[in-house]
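Using the numbering used here, you'd call the opening residue of the sequence shown number 477 and step up by one each time.
A portion of the hints provided could be inaccurate.
[Claimed, not checked] Pairs of lysine to any residue, SDA-like flavour, derived with a Cα cap of 25 angstroms:
1. Lys635 with Glu493
2. Lys726 with Lys655
3. Lys708 with Phe510
4. Lys497 with Glu516
5. Lys655 with Phe510
6. Lys532 with Val554
7. Lys497 with Glu614
8. Lys697 with Asp599
[Unchecked claim] Pairwise CB distance ranges (calculated):
9. Phe683 with Thr515: 29 to 39 angstroms
10. Glu502 with Leu647: 24 to 34 angstroms
11. Asn560 with Asn632: 45 to 55 angstroms
12. Lys506 with Asp682: 24 to 34 angstroms
13. Pro696 with Lys655: 15 to 25 angstroms
14. Asn551 with Ile606: 29 to 39 angstroms
15. Pro696 with Tyr549: 15 to 25 angstroms
Please keep in mind that the hints were generated in silico from the structure rather than gathered at the bench. The structure presented is a predicted model; accordingly, all values stated were derived computationally and were not measured. Note that CB positions come from ideal geometry on N, CA and C, so glycine has one too.
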Amino acid sequence: MANSDTLNITEKPIIDESIEKDECHEYPSKITNFDNHGTELSMTINQEGLLINPCKAFILIKRRLLKADGTSYTNASVVTLINNGLMYLFTRAEYQLSEPNTKGKFSFSVPLKHIFGFCDGYDKALYGLIHTLTLIRESDNNAIFRAANVAAGQVNLTKVSLFMPHIKPSLVYELKLNKEIASKEPLPLSYAERRSESIVAPQTTDFTWTLNTKSSSTRPKFIIVGFQTNKKNNQEQNPAIIDHCDLCIKIIYIKICT
């Protein structure tokens with residue numbers, strides 16, 4: 477879309493020489509047994525002197541879709557992974573930043589900014605922190621959609637890695653950054669959180685559902701509400717599809733506590 481920059485015809489071209497090198501490095505999961513329910517997959521970056529860019533990072537996952545007994549499906553079998561199947565393979569995803577301890581046959585990639593609000597809203601490089609990505613393995617039942625006459629399936633993960641861009645600034649910018657880091661000046665950072673909650677809807681014509689924010693400083697930007705029936709842990713139903721339930725009235729009240 478055109479904006480004011482489009483009309484700035486006298487603007488001089490900018491030659492940006494601040495970055496000498498920008499390349500992705502792989503950080504594989506610490507364990508290689510990916511398929512047990514409840515398994516915690518952890519990828520940690522703890523290296524002194526790194527400038528990294530989480531908003532450009534991504535998770536690479538390789539996997540195979542097999543029958544529950546470990547054998548392969550035939551080409552005629554009506555079975556597939558649902559849309560956004562990655563998020564149904566894990567019950568929780570966490571991205572942690574902490575101070576360093578001075579003592580011391582499918583593949584797809586998903587950008588971290590599609591999962592964590594922090595990586596979407598903060599596009600600056602980070603320095604001097606330990607980065608830990610944790611994924612908690614979930615049952616395969618919600619990630620697979622198959623026909624009723626097809627054998628039950630399983631997802632066999634063969635690789636889970638975090639790819640993180642490493643930034644090497646030019647000498648001029650490195651000196652400038654060193655001064656800014658040494659000053660320990662607080663950095664402005666917007667807070668963004670994505671929460672998902674679910675309840676069992678009562679069998680009544682109307683009900684109230686109260687959502688609580690963690691603190692008075694957090695305010696919802698938008699709310700998405702969906703309803704499903706008998707789709708959890710059922711490979712013959714697609715949990716990525718929301719049901720039509722003919723709602724007549726839906727009202728949302730936002731109460732700001734002071």
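Verification of the hints:
1. Lys635 with Glu493: Roughly 36 angstroms separates the two Cα atoms, so the pair is violated.
2. Lys726 with Lys655: violated, 54 angstroms
3. Lys708 with Phe510: Holds, at roughly 21 angstroms.
4. Lys497 with Glu516: violated, 33 angstroms
5. Lys655 with Phe510: violated, 43 angstroms
6. Lys532 with Val554: violated, 36 angstroms
7. Lys497 with Glu614: Answer violated: Lys497 to Glu614 is near 38 angstroms, above 25 angstroms.
8. Lys697 with Asp599: The given pair, whose Cα atoms are some 20 angstroms apart, holds under the 25 angstroms limit.
9. Phe683 with Thr515: 29 to 39 angstroms: holds, 36 angstroms
10. Glu502 with Leu647: 24 to 34 angstroms: holds, 27 angstroms
11. Asn560 with Asn632: 45 to 55 angstroms: 19 angstroms Cβ-Cβ, so the 45 to 55 angstroms window is violated.
12. Lys506 with Asp682: 24 to 34 angstroms: violated, 49 angstroms
13. Pro696 with Lys655: 15 to 25 angstroms: violated, 39 angstroms
14. Asn551 with Ile606: 29 to 39 angstroms: violated, 46 angstroms
15. Pro696 with Tyr549: 15 to 25 angstroms: violated, 42 angstroms
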